[in-house]
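Asks: Dock chain B with the ligands against chain A, hints included.
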Amino acid sequence: MAARFLHNKTAVATVTIVLVIAIIGIFAPFIAPNDPFKADIMNKYAPYSAQYPLGTDNLGRCILSRLIYGIRPTLGLAVLTMLGTLGLGGLMGLLAGYFRGMTEEIIMRVVDVMLSFPSQIMVFAVVALLGINVQNVILANVFIKWAWYARMIRTGVMQYRDKNFIQFSRCIGTPERFILIRHLMPSIASDLVVLASLDIGWAIINISTLSFLGLGVQAPTPEWGAMLNEAKNVLTSNPTQMIAPGIAIVVLVSAFNLMGDALRDILDPKEVNA
Amino acid sequence: MLEVKNVDVSFRSERQTRIFGTDRTQVLHDISIKVDKGSCLGILGESGSGKSTLGRVMCGLLKPDRGEVYIQGKPVYESRAGKKQLQQSLSIVFQDYTTSANPRFRVRDILKEGIMAYERKLGKKVGQETEYEDLLKTVGLDSSFLMRYPHELSGGQLQRICIARAVACRPEIILFDEAISSLDAHTQVQVMDLLKELKEKLSLTYIFITHDLTSVTYICDNVMFLYKGRITEYLPVSRISESKDTYAKQLLNSIIVYEDEMTA
Ligand SMILES: Nc1ncnc2c1ncn2[C@@H]1O[C@H](COP(=O)(O)OP(=O)(O)O)[C@@H](O)[C@H]1O
Ligand SMILES: [Mg+2]
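As they're listed, the protein sequences go chains A and B.
Anchor point for the first sequence: position 103 equals 103 in the working numbering, and the numbering is continuous, going up by one each time.
Add 1000 to the 1-based position in the second sequence for the working numbering, that's all there is to it.
Where hints are given, some of them may not hold.
Unchecked claim - Derived DSBU-like pairs: lysine-lysine, alpha-carbon spacing no greater than 30 Å straight-line:
(1) Lys163/A / Lys1074/B
(2) Lys163/A / Lys1063/B
(3) Lys163/A / Lys1005/B
(4) Lys1034/B / Lys163/A
(5) Lys1005/B / Lys1074/B
(6) Lys1199/B / Lys163/A
(7) Lys1112/B / Lys163/A
(8) Lys1083/B / Lys163/A
(9) Lys163/A / Lys1137/B
(10) Lys1084/B / Lys163/A
(11) Lys163/A / Lys1125/B
(12) Lys163/A / Lys1228/B
(13) Lys163/A / Lys1121/B
(14) Lys1196/B / Lys163/A
Quick caveat, the hints were computed from the structure, so don't treat them as lab data.
Next comes chain A alone, as it looks inside the complex (with noise of 0.2 Å):
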């Protein structure tokens, strides 16, 4: 499997990426030039400078230094979203894969029910109706997003139960346990990597947009969303502003969107390794 990893260019780079973009995020505090939450009104819109290097927005912060503050909440909170929608999808696909029967029956009549509302409007809804916080914002996430999963690995238990080397594992009496861990779960994994890393990405901008509307992260904690939020006030006046944050939403989430395909070749192994 590594060698497979090291292979693949488009893994190591993506993963890298997101990886280095996560390290900068831990360590913010050793590595942002400035506090990212002082103001400094004399010396607003500083351009690209030796002590700024990404320059000062409307408040005359270091706005490298809320970049780099910034990844914690943006990539942290999109990691709980997924983390959550995986456990809780997870969890119902495979009741409802595993015990067939009513079990089954209910979890996924609900699941339909929940794939027939537009997910963003749902979001809002949600967020409207806990009120605006951050953690309501996750909740609204993973309360959208779980049945897509549930469905999906319901799906690749019920592909997966009755094939032969499955069969062969309950008739000479393999544990349960390893029959799920080593035989359902990696073949279900492939198909869920590749979701997970797209969704991972689609969970960042819907972060990103709820803090942009102001449902999300609240000011002045730098957030990607929320930066952008800031700047689009001073959009003529000082449009560099909106430029770092974009790009760095932009970058994030490809490398989430490249990683996923690359997961999806390494995974499969099927895939001749060049």
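Replies: Just chain B with the ligands, lined up with the frame of chain A:
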């Protein structure tokens, strides 16, 4: 040692006369079989006659509507002990070798699952590297195959791996569900010779499901004809020509014609 008593199996029909109907199609009718230790029973029948279904009942994967399977006198579906006993003494080889092995497993991992079953039975680790080589040698392969994936093997090689995996559990009975049917003629003979050899060496009992009469006469002691889910004939292979059953006669005739053509 393995006994099937009055087994009926039915499945819910695809086409129902009413919405939410529960019409069922019966696939097996009152099947009773006895397999003695060290023997080889052939189960012959055309496609759709219920052979694989019977196989699944016998290896504890499908609970019949009626009837019971006994392993050394213990009921398999009634008691946990019987089920466990069956799991420890029966192993299986399938027809479709492409789905018989997890495509993500290397040959080593595939065999390991069988060895793990043996370890569970033994209650201690075997954990020797030579075990893998021995297994591969048993089925006529060498240790260079150990790190390969299933898609890097030919059909015959992969089926040999599946046989090695079945043997790795140290079973007393092995059930072959059309295990050689999808191999080419030459490989079929090779694998059957291998099976004969293994049977002697490990004193195994075979249940051999197939639609091919020739392979039954080659390897089995007794033969059972299954037609539309019913046993129509059950007799020793040596007396197969005395069979009264129409399907059996039809099969026999086709072979005799085939052999005539060969000699002509
Ligand atoms: N899971 C199932 N659900 C419904 N019908 C089934 C199922 N499995 C097998 N059958 C039916 O049972 C019959 C016997 O199938 P099978 O035992 O696979 O036959 P064979 O192995 O002799 O070709 C077929 O008519 C098939 O359609
Ligand atoms: Mg069959």
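Asks: Would you pick out the hints that fail for this structure and give their numbers low to high?
Replies: none
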